[in-house]
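There are 2 protein chains.
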Amino acid sequence: VASDDLRDHGDPGDAPSIPPPLVPPSDTTRPSAAEEARTIAASTNSGTLATLTAAGDPWASFVTYGLLGGAPVLCVSNLAEHGRNLIGDPRASIGIVAAATDSDPLANSRITLAGVAEKPTGDERAAARQAHLDAVPAAKYYVDYSDFTLWVLRVYRVRWVGGYGRMDSATGVDYAAAEPDPVQPIAAGAITHLNADHAESLVQMAKTLGGYPDTVAATCTGADRYGLDLKITTERGVAYPRINYGERLDSPDQLRSATVELTRRARQV
Amino acid sequence: VASDDLRDHGDPGDAPSIPPPLVPPSDTTRPSAAEEARTIAASTNSGTLATLTAAGDPWASFVTYGLLGGAPVLCVSNLAEHGRNLIGDPRASIGIVAAATDSDPLANSRITLAGVAEKPTGDERAAARQAHLDAVPAAKYYVDYSDFTLWVLRVYRVRWVGGYGRMDSATGVDYAAAEPDPVQPIAAGAITHLNADHAESLVQMAKTLGGYPDTVAATCTGADRYGLDLKITTERGVAYPRINYGERLDSPDQLRSATVELTRRARQV
Numbered sequence: 362v363a364s365d366d367l368r369d370h371g372d373p374g375d376a377p378s379i380p381p382p383l384v385p386p387s388d389t390t391r392p393s394a395a396e397e398a399r400t401i402a403a404s405t406n407s408g409t410l411a412t413l414t415a416a417g418d419p420w421a422s423f424v425t426y427g428l429l430g431g432a433p434v435l436c437v438s439n440l441a442e443h444g445r446n447l448i449g450d451p452r453a454s455i456g457i458v459a460a461a462t463d464s465d466p467l468a469n470s471r472i473t474l475a476g477v478a479e480k481p482t483g484d485e486r487a488a489a490r491q492a493h494l495d496a497v498p499a500a501k502y503y504v505d506y507s508d509f510t511l512w513v514l515r516v517y518r519v520r521w522v523g524g525y526g527r528m529d530s531a532t533g534v535d536y537a538a539a540e541p542d543p544v545q546p547i548a549a550g551a552i553t554h555l556n557a558d559h560a561e562s563l564v565q566m567a568k569t570l571g572g573y574p575d576t577v578a579a580t581c582t583g584a585d586r587y588g589l590d591l592k593i594t595t596e597r598g599v600a601y602p603r604i605n606y607g608e609r610l611d612s613p614d615q616l617r618s619a620t621v622e623l624t625r626r627a628r629q630v
Numbered sequence: 362v363a364s365d366d367l368r369d370h371g372d373p374g375d376a377p378s379i380p381p382p383l384v385p386p387s388d389t390t391r392p393s394a395a396e397e398a399r400t401i402a403a404s405t406n407s408g409t410l411a412t413l414t415a416a417g418d419p420w421a422s423f424v425t426y427g428l429l430g431g432a433p434v435l436c437v438s439n440l441a442e443h444g445r446n447l448i449g450d451p452r453a454s455i456g457i458v459a460a461a462t463d464s465d466p467l468a469n470s471r472i473t474l475a476g477v478a479e480k481p482t483g484d485e486r487a488a489a490r491q492a493h494l495d496a497v498p499a500a501k502y503y504v505d506y507s508d509f510t511l512w513v514l515r516v517y518r519v520r521w522v523g524g525y526g527r528m529d530s531a532t533g534v535d536y537a538a539a540e541p542d543p544v545q546p547i548a549a550g551a552i553t554h555l556n557a558d559h560a561e562s563l564v565q566m567a568k569t570l571g572g573y574p575d576t577v578a579a580t581c582t583g584a585d586r587y588g589l590d591l592k593i594t595t596e597r598g599v600a601y602p603r604i605n606y607g608e609r610l611d612s613p614d615q616l617r618s619a620t621v622e623l624t625r626r627a628r629q630v
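Read top to bottom, the protein sequences are chains A and B.
If you use my numbering, the first sequence corresponds to residues 362 to 630, in order.
If you use my numbering, the second sequence corresponds to residues 362 to 630, in order.
Hints may be right or wrong, so weigh each one.
[Unchecked claim] Computed footprint of chain B on chain A; a stretch qualifies when at least three of its residues, placed anywhere within it, have a C-beta under 8 Å from a C-beta of chain B:
| # | region |
| --- | --- |
| 1 | 411-422 |
| 2 | 444-456 |
| 3 | 462-471 |
Don't read these hints as lab results, they were simulated from the structure.
Ideal placement from N, C-alpha and C gives every residue a C-beta, glycine not left out.
Input sequences plus hints: build the corresponding full structure.
As structure tokens, then:
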């Protein structure tokens, strides 16, 4: 992932280093940048919009949104600065931040969806209105005010940053074609359960499937439709192996049996 | 507050209405927009930056920041899109969202600080570097990387939105001169305590000091150096009175005695 981003940072030499695996890990497939972006967009209903003022200055402002096939649907007042900005120049992008999983803000995931805002018409307008209301129930109080306008952000370009050193770009076409991860809505609860009740299984996974036979402690930091992200301690330092189920999950119901199967496989090796 | 923003929304007639006070409330001073903005900026260490791409498109991206006299200090890689953007055109704004106090995203507070990013030099660079490190401890791992640049956002214009119908603008000069609210860091705990243990006192405050003698239930929704925000139920509907201490607090230590004194005054009237 993101080989184009692993550029030289001019490291002054005092950053922590990550020990490599001692054995090649079996399968390290992760969601694509387009999938990550769809998942993050679907995980919340607010972000920060960047628009252009009449002077061409960049203007950052908080907005709520719904999603129509991945395209953010905004409902903003023409009296508000961002509403006036979109009328003047429809170029826009939206920054969306996933719920924090780490106390270091830059370790968390975020995306930028960039493109052009358009006023939907006809059937698409009705679908956009409903998509916004589904995501932002309080919008029922103002969605039909005459000064509010629905805008669909046509996404031309996507940037995903998954934390330190995990980042990549995607086209608007790839973004539109990708699915939000079906496991994401229950991932936080599953991670808590794995860490609370199955710490020894996580260590075993890191040892036998993750390429780190010298693992001494492991916590799960992420779960998606393809596998688990672990943060482990080895005698050589802290590392972040990936443990995959071996099959793509299509529903949150499958997560429990997939992790049970991983535990079984990890013990068999 | 914000009389210039109380414009006609073309109300279709089905939004909830707020009953007016039956008695003029005693003192409804609130923090200024500049004070609100300084307080929100000081309450967190991350926001979304709006910059301009080479094509002049608006680009929204997550950033961490420290504060130098209220000016956000960024530390961004020149390899990242926002870093390249700032080098190409230093115009920028940052959107900052306060921690949520309401499940409706648009009921929460947020600001935009707009201006021009500059690379600090000499003593200011050292102070800016320290301000960033104080706010973002993990920056110690990359602040001295050769591809990272410190930027101070010179704030020329401020927009504050405190929720529905509470919004105002401030100049960069007013923003720089304002203080972050000293009560903010302990406000959430104090509000929880007032609601859990002093609900009857809050009702009494709304009745005798807030202008709503028909109050039947009250919860505290905000606390700052000037007073408390309440959400109350009356037989006429839900209202949001302001209850002030009568003096400006200059330290968080003073909040407890100020609310005790409010309770005493509310019972005496």
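Quick rundown of the hints versus the structure:
1. 411-422: holds (count 9)
2. 444-456: holds (count 5)
3. 462-471: holds (count 5)
Hint violations for this structure: none, all hints satisfied.
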